[in-house]
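Chemist: Can you make the complete structure from the sequences, with help from the hints?
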Amino acid sequence: MKLDPKRYEGMVRRASPPSPVGKDCLWAFLAGGGICLLGEGLRQLFLRWYDPSMAGTLASIALIFLSAVCTALGWYQKLAARAGAGTLVPITGFANSVVSPAIEFKAEGWVTGVGARIFGIAGPVLAYGTAASAVWGALYWLLGKVG
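So the sequence shown is numbered by this note's numbering: it starts at 1 and just counts up by one.
Hint data in this document are derived by calculation from the structure and do not stem from the laboratory. Do not rely on the hints blindly, as some may be mistaken.
Stated by the list, open to error - Here are the simulated DSSO-like pairs of lysine-lysine, each with C-alpha atoms no more than 30 Å apart in a straight line:
id	residue 1	residue 2
1	K6	K23
2	K106	K78
3	K23	K78
Modeler: Following this line, the structure appears as structure tokens:
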């Protein structure tokens, strides 16, 4: 059975529940803002004992650790189901994308489960991010030599 695009679009519209865009955006804003506020609070706390660059690094490490713990306990997925992209954008979303497959495939063993699958989602981000930074770095260097 071949469907024309208009008929398919109608079927999708009937099968998909309506999305409350305003409410979803508010949740994403509040969750993402809350995570960033927590990060800034941690940075301010670490500034009491460390210089600014170290305090920022420690705040990032603390956010990654908290995200991993919340993912392991199943809390991060519940928050992400409600807040959507608000939980994906900060550094905690990246930590969640690394920890989730590790937990999911733990039953398959440390090597064939966790080791093989841990970067399944995050791997392409790391690979293309590294490649893009190398290309942009080379362009920046070349433009500095020319200009």
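Chemist: Each of the hints needs a verdict: does it hold here or not?
Modeler: Each hint, compared with the structure:
1. K6 x K23: 29 Å, holds
2. K106 x K78: 20 Å, holds
3. K23 x K78: Answer holds: K23 to K78 is near 16 Å, not above 30 Å.
Hint check: no violations occur; every hint is consistent with the structure.
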